[in-house]
Each structure stands twice: as structure tokens, then as C-alpha cells.
Amino acid sequence: MILKDILDKLNNTMSSLPVPIQAVMKIAGIVVVSFIIIKLGSIIITKLLHKQSLFKYGIHSKKINTILSLSISVFKYTIYLIAGIIILSDVLGLKSILAAAGVGGIAVGLGAQSLIKDVISGFFIVLEDQYSVDDLVTIGEMTGTVEDLGLRVTRLRNFNGDLYIIPNGEISRVTNHTRGNKAVIVDIPVSYNADMEKTVEAANKVCKAVNEEFYEVITDLAKVIGITTLDRGGMTLRVMAKTLANEQWGVERRIRVLVKEEFDRADIKFF
Amino acid sequence: MILKDILDKLNNTMSSLPVPIQAVMKIAGIVVVSFIIIKLGSIIITKLLHKQSLFKYGIHSKKINTILSLSISVFKYTIYLIAGIIILSDVLGLKSILAAAGVGGIAVGLGAQSLIKDVISGFFIVLEDQYSVDDLVTIGEMTGTVEDLGLRVTRLRNFNGDLYIIPNGEISRVTNHTRGNKAVIVDIPVSYNADMEKTVEAANKVCKAVNEEFYEVITDLAKVIGITTLDRGGMTLRVMAKTLANEQWGVERRIRVLVKEEFDRADIKFF
Amino acid sequence: MILKDILDKLNNTMSSLPVPIQAVMKIAGIVVVSFIIIKLGSIIITKLLHKQSLFKYGIHSKKINTILSLSISVFKYTIYLIAGIIILSDVLGLKSILAAAGVGGIAVGLGAQSLIKDVISGFFIVLEDQYSVDDLVTIGEMTGTVEDLGLRVTRLRNFNGDLYIIPNGEISRVTNHTRGNKAVIVDIPVSYNADMEKTVEAANKVCKAVNEEFYEVITDLAKVIGITTLDRGGMTLRVMAKTLANEQWGVERRIRVLVKEEFDRADIKFF
Amino acid sequence: MILKDILDKLNNTMSSLPVPIQAVMKIAGIVVVSFIIIKLGSIIITKLLHKQSLFKYGIHSKKINTILSLSISVFKYTIYLIAGIIILSDVLGLKSILAAAGVGGIAVGLGAQSLIKDVISGFFIVLEDQYSVDDLVTIGEMTGTVEDLGLRVTRLRNFNGDLYIIPNGEISRVTNHTRGNKAVIVDIPVSYNADMEKTVEAANKVCKAVNEEFYEVITDLAKVIGITTLDRGGMTLRVMAKTLANEQWGVERRIRVLVKEEFDRADIKFF
Amino acid sequence: MILKDILDKLNNTMSSLPVPIQAVMKIAGIVVVSFIIIKLGSIIITKLLHKQSLFKYGIHSKKINTILSLSISVFKYTIYLIAGIIILSDVLGLKSILAAAGVGGIAVGLGAQSLIKDVISGFFIVLEDQYSVDDLVTIGEMTGTVEDLGLRVTRLRNFNGDLYIIPNGEISRVTNHTRGNKAVIVDIPVSYNADMEKTVEAANKVCKAVNEEFYEVITDLAKVIGITTLDRGGMTLRVMAKTLANEQWGVERRIRVLVKEEFDRADIKFF
Amino acid sequence: MILKDILDKLNNTMSSLPVPIQAVMKIAGIVVVSFIIIKLGSIIITKLLHKQSLFKYGIHSKKINTILSLSISVFKYTIYLIAGIIILSDVLGLKSILAAAGVGGIAVGLGAQSLIKDVISGFFIVLEDQYSVDDLVTIGEMTGTVEDLGLRVTRLRNFNGDLYIIPNGEISRVTNHTRGNKAVIVDIPVSYNADMEKTVEAANKVCKAVNEEFYEVITDLAKVIGITTLDRGGMTLRVMAKTLANEQWGVERRIRVLVKEEFDRADIKFF
Amino acid sequence: MILKDILDKLNNTMSSLPVPIQAVMKIAGIVVVSFIIIKLGSIIITKLLHKQSLFKYGIHSKKINTILSLSISVFKYTIYLIAGIIILSDVLGLKSILAAAGVGGIAVGLGAQSLIKDVISGFFIVLEDQYSVDDLVTIGEMTGTVEDLGLRVTRLRNFNGDLYIIPNGEISRVTNHTRGNKAVIVDIPVSYNADMEKTVEAANKVCKAVNEEFYEVITDLAKVIGITTLDRGGMTLRVMAKTLANEQWGVERRIRVLVKEEFDRADIKFF
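Protein chains in written order, with my numbering: chain A, 1 to 271; chain B, 1001 to 1271; chain C, 2001 to 2271; chain D, 3001 to 3271; chain E, 4001 to 4271; chain F, 5001 to 5271; chain G, 6001 to 6271.
Check the hints yourself; a few may be wrong.
[To be verified] Calculated cross-link-like contacts (lysine-lysine; reagent style DSS-like; alpha-carbon spacing at most 25 angstroms): (1) B:1076 - C:2076; (2) E:4076 - D:3051; (3) G:6198 - A:205; (4) C:2117 - D:3117; (5) C:2117 - B:1117; (6) D:3039 - E:4076.
[Stated by the list, open to error] Far from chain C, some chain D residues (derived; all Cβ distances over 12 angstroms): (7) 3030; (8) 3033; (9) 3043; (10) 3065; (11) 3079; (12) 3081; (13) 3082; (14) 3120; (15) 3125; (16) 3132; (17) 3183; (18) 3209; (19) 3217; (20) 3221; (21) 3223.
[Claimed, not checked] Chain C side only, calculated, beta carbon under 8 angstroms to chain D, not exhaustive: (22) 2130; (23) 2172; (24) 2173; (25) 2175; (26) 2179; (27) 2196; (28) 2226; (29) 2227; (30) 2230.
Rather than coming from a laboratory, the hints here were simulated on the basis of the structure. A virtual CB, placed ideally from N, CA and C, is assigned to each residue, including glycine.
Using the sequences and the accompanying hints, generate a full structural model.
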């Protein structure tokens, strides 16, 4: 019952103090509690993020730190804001501050909605490692190499040297061209008058030559897949292979040159 | 009436305690009740989900556990949140906390709306078994094999080796190409000068050959369906069959090669 | 005035009881009233639905039961929810529960909005018998046979064997191909050099032959409709008929083959 | 001052009654007032609708009755709902019911919003007689004959025999093909080598023949309008007429046949 | 100070009356004030609209009356509604009516939103004289003559005789083809082999002939503008003029016939 | 302390007056304050706008006055509205007026939202001088000369004489064709068989002739830019210049005629 | 305890003052606190922005000042607004001002939402240096040189001399063509009859010549990349290089001329 006595006393002392001093003491109490909550919250957020990153996607520690400091900042300012509102409204008795904050919050919210959306999207792009700098990606109708991956915008450099600047909130479906081996696909137009056997034989010769020439980058050997279309204009013969990422274009161009030469040699008409 | 006496006494004791102690006791009570609700809720959710999964779609137990732990987490944090608001607002008398929570909730809600939508969509994709890893699916204009089916995003690998990353909330209409036998459809252009009888005979020969060669994967035998278009450019003859999933392309290509050879032999013009 | 006395007494007795006991008694009363409302409501819903189904669309009784149990569940949980809020807020005096429920409700509502929309749409698809299992339907750009018609999603199997999974809330305009006889439409390209009389005569011969061959499925006899286009490339002659559903393709293909043979015989040029 | 005495007395008697009896009496009063409002409202709605329909669009009385009973139902249930809320909240003092009703109303509203929109649209389609059963209409990209015009959906049967089911709320711009005479438009391709005079003369002959043959359905006589395009490919000569609705196709096809025959006779080249 | 005494007395008399009589008197006062406001408002609206219409667009007085009576109706029912709420809520003390009205208002508002939008749009179409009956207008992709311009829908009759029914709220960008003179534009394909001088001379001859023949409707004389395209297929020579509205088609067709005849005479090739 | 005494006295006098007289005095005070605020606000708005217009865009003073009187009107009615609400609610104690105003405001707001948006857009179009009467502009897919620039709609007259009526709120991206010199671009198709040197020489001759003929309107001399495409069909040679606005079409047509004549003379083939 | 005594005294003095004087003193206090907050806030904003700009993007100091003064203005008026509401509502006790402000705020917010969005977007375009005056950018479908970059709109001048006026809020994805070297890409159509070796040799000669002629602007030497398409029409040979920004068009045109001359010399057919 000693605790009870102490509390009673504390209560009485409090009540006997003049109102302004009571207010100052209450404010001090709220500030102290806020700091404790922020410290505890920061520790918990740090632990959660480290656990997430270490086991699942293996994100580089630099990125983790960026996300971490962002998360803690957001948490800190949220607590500040709530503490401020409690002080102004409950301690100082400015009732209207609540309404003002509410209306103001909605106003800012409407205006800054896309900003918030951008940052949240950026957060997930990094956290889930959807793409990183130097990856070749397609976002909407824009294809390019990632030059900079910020929290609000992503900057891509396309093949022509143009710089695309895309707000992260506009990014939903991403195509990443640099994660895994890429297919080599060459479609060869063949006339209906061509001899089937001779044509396939010529194409096979080309495949063999390419497989030898590019043995370092080819992961699935080039081979003739077969006839993929029977159009009114003619047939299409397809040759396929797989290479390391970004090597597919060179192999495709080489196959085309060899096909042209081999077909000329074997006197096969393209159309 | 003993119960009444006890309650009266309890009531009186409570009232005679100093305010802070009353508050601590009330908080303790709310915490205890919250834990009981969480325990009970978890058991009910577990039962409901197991019933659902066992009888209807036969989802693998690993997936069930993922969904289960997610559902329980969501339930748990909701109860925590409500308990926290009751303590701050009703027990400690911080009226403004309610308004702050409301405005904050709307703000976070607007920002995180698409995150919530993603997770709910992911939940239903798994629960209804719309697709699973290694299925070939089309989502919007993106076709690929499912590499990873997370709660927030689905990752597809397309034919070219590109990786598609699609937020689940963006997924509404799904085409799953791996659930059931697939049609083989070969459209052969035929000149108006061709002899009908001879043409159909040649196509029948091809069907017979294919049915023998691919007897292991063909589920509906290949046959000539008939003339499907009479265009200004010529006629189109269609050959159809059904195969096991993912085998249709090989059969189609084989039919085309055989048609070319057979038509050459029978001297039938394509156009 | 006896009633008055009883009520006075009851009132006094209530007031003299300790607060917790009063609360328990009030809660018991609310629970009893809730159960009575649920019972009554269930009976009314059952009657309304049976009346609706028997006279208007003749839906199979199994479907009626599905809808019925769904409607009653929704009604039941709504009453539970309202009773719970009344108990927590009015009886136990937890004012903040209302605000918490409000904000929570809006949050869940935003997230689950499309789920609710899916189920309501599914409800109307069944109630109005828009389509049922095995009907051939077109929804948006997806055409297929209905494999499964659930409350949240509809599953279609298309001609190629692909499985479409469409949330019901995404379904607005439906085309049902299986309710009624289907038109057979064959457009025959005809050269400007062709003799009109001879051409129509040949087409009439084809119609007669087809009407005999398919007399079991043809509901409107095939006949030559006339010239439907005078393009720079040539004329188009149209032949039309009506058949039972799903028989139109076979008839169309047969007409094309016969037209080709008959035109060859009469030496009429297609272009 | 007698009224004043009576009211004073009534007031005193009321106050001296026990609370439950006062409540029952108040509820009875609210119910009686509600019924009076419903009766009065029904009479007013009936009068308004009859006035509207008699003078403006002459809608069939059966439709009027459908709309009438719908309008009255909606009015009736709205009054019930308001009365219920007043009883629960003001008389029984369940303050939380208001909040519950509000949140519930918003929730149901969000879910059922498209249902309400469908019915309101259906209401206006009937009230303004936009189309009725057996009219040929185009809604969005769907053209067909109206088979059923319900309050929630419209069912169209297209030319091929497909059934379109369209929610009324999705219908905004309607094209009605059955209200008024329809134009017959035949565009004849003419070679630049053709003799202008001879060509126009031949087309005039065709017009004269058609005007005689179809004198019963033609409302504006067929005539040669002139050259409507001078393309790189050739000229286009247009023939126009007007017929009763749904007769235009037959006349157009007849004109085409006659043009072909007349041009052959006069040796005019189409291209 | 006499006023003060009267008011004091009035106040005292009021307070001494029994509550129901006070209420009746207050209601009477509110009703009287409402009627005064409606009268005053109607006069102001009438003045404002007449001023607007007389000086700016010169709208026919019949239309003004339609708009006027609509505006006054809307104003009247708004005042009725506010008076009703004040009576129910402030005088009779039914606090819940406010909440009920609020929720009900939002519900009706959501449902009837497009109705309100239609009427407001219709109001501005008439007020700004965007189009009137018998004008040829294009709204979205629908072009036709205005048959009926109502407050909720506009009805157009197109060239083919189809009736378009368009809700006014769907109308944003309007093209009015009947306000002002219309351009005649004839593009003549000319071969690269043609002699430039001879071609222009022939075209000038045509212009002169047309200017004489149509002198009554041509407002800007027809003349050769020059070569407007140099395509791979040939050149295009443009002839232009201006005519009264709806006369442009006849002139264009006449120019084409004359061009064909003149080019034939001068032996100029079209392609 | 004299001020204090006066205020005390005033206070006492106020309190001793009967309630209605107090109310009248308060209302008078609010009205006076409102008028003072309106006067002050008008002066500030006038100053701000004049500063804005004089230094930045140099808008004609007539437009400034239009904007000014609009801004002041809006400000005035806003102050009236707020004063009215304060009188009704705080002075007369009609609490429900606030809720009524709120709900009414939302309702009107939803309906009139696009009206407000139109006026705000119109305001900025004038303030930023995006276009003025007689400018040739493209808004969306509509190109024409500005005939009238109102606060709610913009009216354009296109080349054909059609009148476009576009609500200002629908205008976002504007293309103004009349602010600055315009490019003359003529693409000449050239055959692969042509002699390069001769072709360029001929084109240069044309440029020289045009530069002399149009020296008054040409701001950048016409010159041959080079070959801009190497297509399968042939090459394209581009000639460019710059002229005053609206003179570019005449120059382009003249270049085309001269090119045709010069190429004929030099015997260069177009294709 | 001296502080306590002072505060007690102050409190007592305050209470003994007449109400109007108390109000004036409170208002003075609020105004003073507001000014202090504004001063402090301005200093903090200035520091934050300078830090941001110096280290990250190196924006010109003039832009920084624009953003700075804008940010401080926004902050200042926000504090004024909140102070004004606190004075009107808490000190003067005009409760309704809050509701009026709320409703008014929402109304203005809805109307001015796109204005706020424009300014926020403009703020980020400048802050992140997405583009500056004289850069060539593509925004949506509009490509041009930036003439003016304001806070509300961006003005582009396109190649033809048209002026595009685009609200910043409509700008999301930006393509900046002036940041980095640009690719030169020339696709040469080559006939299947061409000799492969001779063709590549000719193209190499062209590359060498171009590399010498443009050595000042070429950053990556021009070279033959290979065959990029094997179409039914022929092959395509690609030549690539990189140049400084805006120099790529001249180099491309030069390559085309040289290719034409070199191919003529070597007698290689384009098609």
C-alpha cells in the first residue's frame, strides 16, 4: 500500500500546483515517453529489416541502410506529430487544433498522395530487388538500362542515349531482361518452291558453325526448331538457342549472315 | 445474492483506490481480454481454413500454413491496435488520440491501399489455386512460366528469358495454359486452283502419319476439319488435334513439315 | 395500470442492482433480441427467394440453396456485428470502440471492396441465370465454355484448352452463345468477270444439298441472300441459314467445300 | 386557452408515466406518422407519374405500373428506415446505432452502388422510352434486337443468334435503329477508264427498276447522288434511297445485283 | 426603449406557453420565413437570367422560361428541405434526423449523381446555345441532326436514319457543323507522268464552271490551291471553295464529275 | 484602466439587454466586419493581379479587368456565406444549419465540380495567356482558330468551318500554332535509280527560286537537308525552311510544284 | 517556488481582467508565437534545401532561391491559417467557423486540387533537375525544346515551331534527349540477290569516310553491326555510331548519301 500512498501524495501535489506548471510537467512527461517509444521502435525496425534481408533476397547492405534510415525517419516524425497533437489539444486545450490538423492533413494528403505512392513503390522495388543499377528493364513502353534508382524516381538510359525519368509510383509491371539466359530466335523466310531437305540441312550447317564460334556465351546449343508458319506468302523456318544475357543480339546477327551465305551456296530461295 | 455482494464490494474497493492504480488495473484487464480473444480467434481461423482447403481445392499443406500464419498475424495486430486505442482513449483519457489515429489511418490507408490490395489478391490466388509455380500463364499481355508466387508479387519467366514482376493487385483475369489438354491447330493456305479431293487426301495422309508418330502425347487424333475461310486470296484448310499440355507446338511444327512434303509430292499449290 | 406497476417495480429493481449485474442483464437481453431477429430474417429471406426463383427464371433448386445460405450468412453476421457494437459501446461505455470500428471498417472496406463486388456480381449472375456450366460465353475478350461458376470467380475453358479465371466483379457485359439457334453465314468472293446467273444457280445448288444433308440441325433453310459488297477487289455473295447451337461451324465448313466443288464444275472464278 | 390546458395536462400525464410506457407510446406515434407519410407520398408519386406519361411519351400503361410500384416501394422502405433509426436512437437511446447505421450504410452503398445505378438507368430507359422490346438497338459495340428490358439488365439477341446481357448502368449512349426510315446507300467502284455518261445512265436505269420493284417500302426514291471519292484506285459512284426500317438491306442487295447486270450489259468496268 | 419592453414581454409570454404550443409557433415562423425567402429568390433568379439572355446569346424566350422554371424549382425545394431539417432537428429535437438525412443524402447523391450531372450539362447547353434543334452536330463519335434537346438527354438523327440518345452529362466536346460557311475540299490524285501546266489549266476550267453553276451558295470562289502531297504513289492536287452550310457535299460531287470529264478531254492520267 | 472600465460597462450593458436585441446587435457587428474584410480583400486582390500582369505576360487590360471582377466576386460571396453561417449558427443557435450546409455543400459540390473546374481552368488560360482570340490552336484532337475564349468554354472554328465547343476544364495540354515562326518541310520521294548529284542539284535550284519568290515571309532560307529515309520503296529527300506563322502551307505547295517541274526537266524519276 | 508565485499572480490578474481584454491579450500571444514559429521554420527550410542542392544535383542557385521562397511562403500561410482558426474558434468562441472552414477547405480543395498537383510536380521537376530550359524532351506525345519551366506549366517549342503548353501535374514520365551521347542508327535495305561480302565492304568504306569527316562529334566510331532482319521483302543491314547530343541527325543523313553513292559504284541493289 506504500505505492498507493506515494501515488496519492503525487496526485495531491500535482493538484496543488498552479495550472501552468502542471502543463509544463505534463508536456515534459509526454516528450520523455515519445523519446522512449522512438528508441524502442528504431531497434525493432532494425531487427525486422535485417532478418528480412539476410535470408530472403540478399540485398546489398548499403541499400538496407538506406531503407532502414528511411523507415526510422518516418516512424520518428509520426511519433513527433502525435505527441505534438496531444500536447496542443489535451494539455493546452486548443480543441480547434484537431480539426485544423484533420483538414490540413486531408489537404496535404490529396496533394502529396502521389509523392507518398512514389516512395512506397520505391521502397518495395529496393526491398524486393526488382531491379538494380545496370539492369536492362522495360517499364511500360520504356526500355533502358537503370542509371539511378532513387526513392521517388527511376532513371533509365535507352539504346539511343535518351534518359527516361519515371516516378516509382507509375511503375507496376516490370520486365527485367538481365536476370537469366536469353533466347536467340531467328525466323528465316523460305519459299514454297524450296526443297525441304536441302533447306533444313543448310540451316543445320549454320547452327553447327554458330555453336562453335560462340561456345563461350551459348548456354543452349542453336538448333532448327522447325516450320512455325505456313502463310499465303511462304513458310518460316525458326532457329533457336540460348545465350548469356545481352549476348543474344550478336549471335542472332551472326546467324542471319551465315544463313544468307549458306542459302546462296545451296541455291535456296528466300521467297 | 452473494454474487451481488461480491460485485458491490469489488466496486467499492475499486472506487477507493487512487486513480493511477485504477488505471493500471483496467489496462491489465484489457490486455488479458485481448490475449484471450487472440487465442480463441486463432483456433477458429485455423479450423475454418483447414476445412476449406481439405475438401475444395486440395491445396498443398505448405501453402495452407503460409495463409494461416498470415491470417492469424493480421487478426492479432488488429486486436492489439483496438486494445491500444481503448487504453489510450478510454482509460488514459487522451481524447485526441482517436482523431489522430483516424486521420493517420486514412493517410496510411491511402498510401498503402495498393499494398493491401496486392496481399488480398495474392491470398485469393493461393487459396483458389489459380496458378502455381511452373504453370504457364498469361496475365494481361505477359505470358510466362510462374517462377515465384509471393503474397505481393508474382514473377513470370517468358519464352525469351525475360523476368516479369507483376504486383498481385494488378492481376484480375488469368489465363492458365497448363490445366488440361491443348489444341493443335494448323491452317494450310490452299490455292483456288487446287483439286479439292487430292488436297484433302494429302492432308489425311499427314494426319495419319502424325497420329502414329506422336501417339504418346496426342489425346484427340489429328484430323482434317475442313475449309475455314474463302478469302479473296485463297482457301484455308484446317487440321486439328489435341495433345498433353506444352506438347502442342512440336506437333504443329511436325504437321507443317509433313504437309509441305506431301503437297510437293502430290503437286498441290499453296497459293 | 397493473402493467405500469410491474414496469415501475422492474425499473426500481434494475436500478438497485450493482452496475456489473445490470450490464450482464442488458447484454443477455441484446443477445436474445439478436437471435430472434436472425430467425425472423432468415424465414423472410427464404420466402422471398423461393418466390423469386419459382416464377421468374426457374433456377435449379441447388443454386437457390447456395444463394439462400449465403444471404442468410450475410444477414446473420451483420446482426452479430451491430449487437457487438451496441454492447461494447452503449452497455460497457467504451466510446472509442465506435471510432475504432468506423476507421477499421473503412480500411477493410477499401481493401475488400473488390471482394464484395465479386460476390454481389456472382449473386446476380446465378439469380438471373445469365449463364450456367457448359454454356459457351464471351466475357470481355475471353470466349470459352463455363467450367465452374463460383461466387467469386468464373472459370472458362477456351477452344485451345486454356483455362480463363475471371473475377465476377470484372464481368459486366456477357455474350451467351448457347441460348437459341445460331446463324450460318458464308461469304463467297466472286470475280466481276463471273456470270451472275450461273453463279447464283451454283450457290442455290449448294444450298439445296446442304439443306438435305443437315436436315436434322438446320432450323432455317440455307439460301442465297444476295450480293453484300461491291468492293474494288470483287463482289461478295452471301449464303445464310440457321442451325441448333454449336452446329453452325460444321455446316459452314460443308458449304465452303461444296461451293468450291460446284464453282469448279461450273467454271466460275472466285477472283 | 382550452387547447393549452389539454396540452399541459397531456404533458403532465406523459411525464408521470413510467419510462417504458412513455417509450411504447412514442414508438406508436412514430409508426402512425410514418404510415400517413407513406400514404400521402404514394398518392403524390402516382399523380406525378401519370401526368408525365400521358402527355409526353405515351408509354404503355403496363410499364407505367411497373415504374409506379417501384417508386412507391423505394419511398416506403426509405420512410421505414428513417422511422426505425429515430426509434432506436432517439426513443431507446442507443446512440451507437447511428454510427453503426452510418458505417453500414457506406459499406453497403459501396458494394451495391452499381446495383442502384443499374436500376436508376433502367428506370429512365423505360420512362423516356429510349427503346422497347423488338427494337433493333446498338449499345456500345453490341447490336441486336431487344428481347427483354428489365430494371437491372437488358437482353439483346444479335444477328448471329448470340444473347447479349448488359447491365442498364453500363448503358449510356444508345443507338435505336427502328425509329424512322432508313437510308439505302450503295457505293459502286468505277474505273477511271469508264465513260462517265454511260455509267450514270446505267445507274439511273437501275434506280428506276428498283423504285418500281420496291414501291411499297421505298419512302424516298432511289437516285444517283454522284461521285463521292476520287481515290488513287478509282472513283466511287453512290446511289441512295430511303425505305421503311429493316427493309434497307434487301433493297441494297437488289441494287447491287442489278448494277452488276446493267454494267455487264453496257460493258462498264468496275476497276 | 419601447421595443425593448415589447421584446421582453414577447419573450416572457413565449416562455410561459406550454412546450407544444411554443413548437407550433416556431414551426409557423420558419414556414413563413421560408416562403419569403423563396419569393425573393425567385425574383432575383428571374432578373439575373433575363439579363444574361438578352445581351449575350439572344436565346429564344421559350428556352429562357424552361430554364427559369427549372432554376426556381430547384431553389424552392432546397429551401423546403433546409426548413424541414431545421423543424425536425432544432424544434422537435430529433437529433438523429440529421445523421439520417446526411447518410441518406450521400446515398441518394451517389446514385443520382449522373442524373444531376445530366441536368446541369443540359442547363448549360441551352444557356450557352451550344446547339439547337435541327443543327447538325458531332458529339463523341456520333454525328446527326438534333431532333430533341431535353434537360436529361439529347436525341440525334444520323444520316442513315438511326436515332442516337445521349445523356447530356456525357456531352463535353461538341462540334457544331451548322454555324458558319463550310469548306469544299476536293483532292484529285494526279500521276507523276502528267504535264503540270495542262493539269492545273484543266482544274481551273472546272473551278470556273462550278463558280458559275453554284453562284448562289458559294461564298468563297473555288480555286486550285496547289499540290498538297508528293507521295510514292503520285501527287495530289487540291481544289477549295466555301459554301453555305450543308451545301458543300453537292458542290464537291459536282467538282469531281467535272474533273473526270475535263481530265478525260485533256487526256490527263489520274494515276 | 479607463479602457477596462469602458469595456466592463459595455459588457454589463450588453448582458442587461433582452436576448433578441443582443442578437440584432451581434448580427449588425458581423455584417460590418464582413464589409470591412471585403473592402480590404478587394484592394489586396487588385494589387496582386496588377503586379502579376504588368511584369510577366503583359496581358491586355480588358482581360485583367475580367479576371479581377471575377476574383473579387468569388471572394465577396465566400465572405457572405461564412458570415451567414456564423449568424444562423452561433447567434441564432440553429445548430442543424451547419450540418445542412455541410451536406448541401457536398451535394452541390459533386454536381457543380466540373463547373468550378471549368472556371478555374479558364482563369489560368487567360492569366497565363495560353492562347487568345484568333490564335490557331490544337486542343486534344481538335484544331482550329479561337473564336471566343469564355470562362467556361472555348469556341474554335476549324478549317472546314465547323465550330468546336470545348469546356475549359477539359483542356489540359494546348498546342499553340501561332506563337513563333513555322517550319516548312517538304519530303520528296526519290527512286533508287536516280542520280544523286543531279537530284540534289535540282532540289537546290528549287530552293533558290523559292527563297527569291517568298523573301518577305521566309525567315530561315530553304535548303536541302539530305536523305531522311532509305526504305524498301525508295529514298526520301527533305527540303526545309522557316516562315512567319500561317505562311508555311503556301511555301510548301509552291516548293512541290517547282520540284515536279524541275525533276521533269532534269528527267529524275520520283519512284 | 518563486516561479510558482509569479504564475499564480499572473493567473489571478488574468482572471480579474474583463473578458474582452483577456481576449485581446490571448490574440496578441498567439500572433507572437506564430511569428516565432515562422522565423524558426524559415531558417530550418533554408538549411535543408541548401544541403540538398549542394551535394546532390548541383542546381543553379537561382532555381534554389525560387524553390526556397515558394517553400517559405507555403509554410508562412499555413501557420497564418492555423493561427487564424485558433483565434476565431478558441478565443472568440465562434464554433461554426471550424465547420465552415472544413467545408470550405474541402470545396476549394476539390476545385484547386489540380493546381496544387501542378505546383508540387513543378517543384520536383526543378528540385530533381529532370530538365531545364533548352533541353530537348518528350512529355507524353509532345517532343520539343523547353522554352519556359514554370511552377504550374512547362512550355515546349517543337521542331515545326508549335508551342506546347503542358501543366506540370500532367507530366509523369519524361524522356530527356539532351543528357548524354546519342546513337546514330542507319538501316539499309539490301536485296537477297546482293553479294554479302561486297555489300559489307561497301558499308565499311562508308563508315570509314564518316568517321573521318565527323571526327569532332563522333564519340563511338561508326561500324557495320550486321544483318538485323530477314524479312520476306529482303534483308536489313545496320550501321551504328554515337555522337554528341543533337549531332546524330546530320551524321545519319550523311551516311545515307554515302551509302547510296557507294552502292551505286559497287552496283549493289537495295531491293
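Against the structure, the hints come out as follows:
As the CA atoms of residue 1076 of chain B and residue 2076 of chain C are separated by approximately 24 angstroms, the hinted pair is consistent with the 25 angstroms bound. Our distance criterion of 25 angstroms between C-alpha atoms is met by residue 4076 of chain E and residue 3051 of chain D, whose separation comes to about 21 angstroms. Taking the CA atoms of residue 6198 of chain G and residue 205 of chain A, the gap is about 23 angstroms. The hint holds against a cut of 25 angstroms. Proximity of residue 2117 of chain C to residue 3117 of chain D is assessed by CA-CA distance (about 14 angstroms); at most 25 angstroms being required, the pair is judged to hold.
With a CA separation close to 14 angstroms, the supplied pair residue 2117 of chain C and residue 1117 of chain B stays within the 25 angstroms bound. Only pairs whose Cα atoms come within 25 angstroms are accepted, and residue 3039 of chain D paired with residue 4076 of chain E is accepted, the gap being roughly 24 angstroms. The beta carbon of residue 3030 of chain D sits about 19 angstroms from the closest Cβ of chain C, which is more than 12 angstroms, so the claim that it is off the interface holds. Annotated as non-interface, residue 3033 of chain D keeps its C-beta farther than 12 angstroms from every C-beta of chain C; the closest such distance is 24 angstroms.
With a cut of 12 angstroms on Cβ distances, residue 3043 of chain D stays outside the contact zone with chain C, its closest approach being about 27 angstroms. No beta-carbon of chain C is positioned within 12 angstroms of the beta-carbon of residue 3065 of chain D; the least distance is around 17 angstroms. No Cβ of chain C approaches the Cβ of residue 3079 of chain D within 12 angstroms, the least distance being about 19 angstroms, so the stated non-interface status holds. Distance check on residue 3081 of chain D: its Cβ is at least 14 angstroms (rounded) from any Cβ of chain C, clearing the 12 angstroms threshold; non-interface status holds.
A cut-off of 12 angstroms between C-beta atoms confirms that residue 3082 of chain D is not in contact with chain C; the least separation is 17 angstroms. Separation of residue 3120 of chain D from chain C is adequate, the least Cβ-Cβ distance of about 16 angstroms exceeding the 12 angstroms criterion. Every beta carbon of chain C lies more than 12 angstroms from that of residue 3125 of chain D, the smallest distance being close to 16 angstroms; the non-interface claim holds. Residue placement check: residue 3132 of chain D keeps its beta carbon more than 12 angstroms from all beta carbons of chain C (closest about 20 angstroms).
Under the 12 angstroms C-beta cut-off, the non-interface status given to residue 3183 of chain D relative to chain C holds; the minimum distance is some 17 angstroms. Distance check on residue 3209 of chain D: its Cβ is at least 15 angstroms (rounded) from any Cβ of chain C, clearing the 12 angstroms threshold; non-interface status holds. Every CB of chain C lies more than 12 angstroms from the CB of residue 3217 of chain D, the least distance being 16 angstroms, so the non-interface label holds. Consistency note on residue 3221 of chain D: stated as away from chain C, and its beta-carbon is indeed over 12 angstroms from all of that chain's, at 21 angstroms minimum.
For residue 3223 of chain D, the requirement that its beta carbon stay farther than 12 angstroms from each beta carbon of chain C is met, with the minimum near 18 angstroms. Annotation: interface hint on residue 2130 of chain C holds; nearest CB of chain D at approximately 5 angstroms, less than 8 angstroms. Proximity of residue 2172 of chain C to chain D holds as hinted, the smallest CB-CB distance being about 5 angstroms (cut-off 8 angstroms). Taken as an interface hint, residue 2173 of chain C checks out: its beta carbon lies about 5 angstroms from the nearest beta carbon of chain D, inside 8 angstroms.
Contact between residue 2175 of chain C and chain D, as hinted, is supported at the beta carbon level, the nearest pair being about 5 angstroms apart and thus within 8 angstroms. For the restraint placing residue 2179 of chain C at the interface with chain D, the shortest Cβ-Cβ distance is roughly 4 angstroms, inside the 8 angstroms limit, so the hint holds. Interface restraint check: residue 2196 of chain C against chain D, minimum CB-CB distance 6 angstroms, threshold 8 angstroms, status holds. Taking 8 angstroms as the C-beta contact cut-off toward chain D, the hint placing residue 2226 of chain C at the interface holds, the least distance being around 3 angstroms.
With a least beta-carbon distance of about 4 angstroms to chain D, the hint placing residue 2227 of chain C at the interface is held under the 8 angstroms criterion. Contact between residue 2230 of chain C and chain D, as hinted, is supported at the beta carbon level, the nearest pair being about 5 angstroms apart and thus within 8 angstroms.
Of the hints listed earlier, there is not a single one the structure fails to meet.
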